[in-house]
Each structure stands twice: as C-alpha cells, then as structure tokens.
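Going down the list, the protein sequences come from chains B and F. Start counting the first sequence at 3; every next residue gets the next number (the working numbering). Start counting the second sequence at 3; every next residue gets the next number (the working numbering).
If you are wondering where the hints come from, they were derived from the structure by calculation, not from laboratory data. Built from N, CA and C at the ideal position, the CB exists for glycine as well. Be aware that a few hints might be false.
[To be verified] Dumping the calculated BS3-like pairs for lysine-lysine here, alpha-carbon to alpha-carbon at most 27 Å:
| hint | chain 1 | residue 1 | chain 2 | residue 2 |
| --- | --- | --- | --- | --- |
| 1 | B | K101 | F | K127 |
| 2 | B | K67 | F | K93 |
| 3 | B | K93 | F | K93 |
| 4 | B | K45 | F | K45 |
| 5 | F | K127 | B | K57 |
[As the list claims (entries may be wrong)] Coverage of chain F stretches by chain B, computed from C-beta distances (three or more under 8 Å per stretch; other residues unrestricted):
| hint | segment |
| --- | --- |
| 6 | 13 to 23 |
| 7 | 41 to 47 |
| 8 | 82 to 91 |
| 9 | 116 to 130 |
2 protein chains.
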Amino acid sequence: MKLWTISELCRELGITTRTIRFYEDKGLLTPQRLGANRIYSYKDKARMQLILRGKRLGFALDEIKEYIDLYDADLGPMQREQINFLLERVKERREALIKQQNDLQEMLGELTLIEDECQGMLDVKLTANG
Amino acid sequence: MKLWTISELCRELGITTRTIRFYEDKGLLTPQRLGANRIYSYKDKARMQLILRGKRLGFALDEIKEYIDLYDADLGPMQREQINFLLERVKERREALIKQQNDLQEMLGELTLIEDECQGMLDVKLTANG
DNA sequence: GAAGACATTGACGTTAACGTCAATGCATTT
DNA sequence: AAATGCATTGACGTTAACGTCAATGTCTTC
Numbered sequence: 003m004k005l006w007t008i009s010e011l012c013r014e015l016g017i018t019t020r021t022i023r024f025y026e027d028k029g030l031l032t033p034q035r036l037g038a039n040r041i042y043s044y045k046d047k048a049r050m051q052l053i054l055r056g057k058r059l060g061f062a063l064d065e066i067k068e069y070i071d072l073y074d075a076d077l078g079p080m081q082r083e084q085i086n087f088l089l090e091r092v093k094e095r096r097e098a099l100i101k102q103q104n105d106l107q108e109m110l111g112e113l114t115l116i117e118d119e120c121q122g123m124l125d126v127k128l129t130a131n132g
Numbered sequence: 003m004k005l006w007t008i009s010e011l012c013r014e015l016g017i018t019t020r021t022i023r024f025y026e027d028k029g030l031l032t033p034q035r036l037g038a039n040r041i042y043s044y045k046d047k048a049r050m051q052l053i054l055r056g057k058r059l060g061f062a063l064d065e066i067k068e069y070i071d072l073y074d075a076d077l078g079p080m081q082r083e084q085i086n087f088l089l090e091r092v093k094e095r096r097e098a099l100i101k102q103q104n105d106l107q108e109m110l111g112e113l114t115l116i117e118d119e120c121q122g123m124l125d126v127k128l129t130a131n132g
C-alpha cells in the first residue's frame, strides 16, 4: 500500500505543490496527516487524476467537485428520493458531455478539411514546380 | 445578405455586448462599422459561433484565436514551408482533441457505471419494501 | 425639443486558479 | 551546532475573462 509525500505526488502528476494545496483548500482533497505533513494514498492520487482530467475537459473546479461527489456518493444510507435526485444530476452531466462530444466531432471534421486543403495546395505546388 | 446590430447578434447567441467587444479587443473579430456602430455579417456570426464552441470545449481565447487563424488562413500566397508549418499545427490540434475525446469517453463510461449502481440500489429498495 | 432606446469608449471591479514570497518548523547530514 | 532539504501556513500578486458603471453620442418618437 504505497504512500506519497506532497512533492512526490506532484512530480508524478506534473503539477505544483501550490496547486494541490489549493485543491485541498477548495475541499477537493483531504489527505491524511503525519504530524503537520500531508500523506497521500493511492485513492488520493486517483482523485487527483479525476480532477486533472476534469480540467483537461475544461470544467471549473466546483463543477469537478460536484462530479467527484457523484463519483463517490455512498448509496447505502440514501433514500429513494435522494438516489433519484442523484440520477438526475448524472443525466445532466451526461447530456453536457454528449454536447461536448458533438463539438469535438465538428472540430475534428474541420481540421480534416483544412488538412486536405493544405495537402491539395502542396500537390499543386509540386506539380507546378516539377 | 443579412446584417446584425450588436444587440441583435448578442440575443441570438446568448451573450452580452461586453463579451463581443472584449473579443474584438482581443483581435478575434473585426466587424464593419456604420459610423461608430458595429455591423455584423453572416461571416462574423459564424466566427462568433466558432469562438463559442471553442469555449464550450474549454479552450482559452488565445488558443481559439490560433484555431481561427488556421481556419481562415489563405493558402494561396503561402510557400511550401509555411504550409507545412500550418500542417504541423493542425496535427497538434488534432492530437489534443483526440486526447480530449478519450477523456470524454472515460467520463461517460464512469457516469454509466454510477447510473447502473443507482438503478441497482433502487431495485433493491423496491424489492425490500414491496 | 425632451424623453427614451440603443450605441460608443473608458475605467474600475470581480472571480477563478493559481504563482510567488516570507516566516517558520522539523529532520538529517556534515 | 550549523547547514541543507523538505515541509508548513499566510499573505499578497497575477492573469484571463468578463461585469458594471459612467459619460457621451445619435436617432426616433411623442
């Protein structure tokens, strides 16, 4: 069961200690302490990776927090109503992601067009200049 | 050939005039003028939609500007070398987008798992409570 | 011709997401 | 025990992306 110090984890994830502490301030993380020092478990690391992926996708930190809350909600003690509420939020998320997926597809399509156009121009120049 | 005033365009796009003017300041847009007033063409509108899509995907404004520059680069007067350079940038973009696509897929998969788990809990509660 | 609607520029304010720096503590190494 | 290395908290700085407000202009409508 491996454990990380703050600078170790940062090195592995390619971020700064300031960033991790900031996330902790915002309630996205709650590592163990050894004295005053922070100790990160594998679960903490996984959490951080969720956060970083959220950032890559363009989400704000509070949105990411909401996602994580969905992610490790404990369904056991929940009432039907609460679970249904959670399901609603999951649905919203999914729809947002699907919109984003469409945007991505469009953009990729456009890039392909541009690429083809460039290639066409290069061919013309080759033919013209022999 | 339709034209828009600034507030008309904002209404259609769901943004504020401040936003549009800000983008103009940043060089993302250069609408015609009628006296002091801005006049937007269909092309301007399309440009704005590109920008907004970029934002939905989580890109910063200067990244979006780079994308738009790729988008309406005039290949005619370019040298082979310039076109190759452009192709390189297009490739980079594509790779970034594909990474993003993977992140999206992962997240969608996780949402499905959460959804199933919720549904399972609901079924149990139904069975238990008759 | 005064009022109201819509436009302009300019300046200052705000929020998120960190960066940077200072003061301090604790453990090991020399 | 002095230096080195890694940690802490706290405070202030910074950048992007706008919001907000003020002062002013123009055009139409009553």
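These are the hints, each one checked on the structure:
1. B:K101 <-> F:K127: Measuring from Cα to Cα gives roughly 33 Å; hence the hint is violated.
2. B:K67 <-> F:K93: violated (33 Å)
3. B:K93 <-> F:K93: violated (34 Å)
4. B:K45 <-> F:K45: At roughly 49 Å apart (the allowed maximum being 27 Å), F:K45 and B:K45 break the hint.
5. F:K127 <-> B:K57: violated (36 Å)
6. 13 to 23: This one is violated; 0 residues, fewer than the three required, reach chain B with a Cβ under 8 Å.
7. 41 to 47: violated (count 0)
8. 82 to 91: holds (count 5)
9. 116 to 130: holds (count 8)
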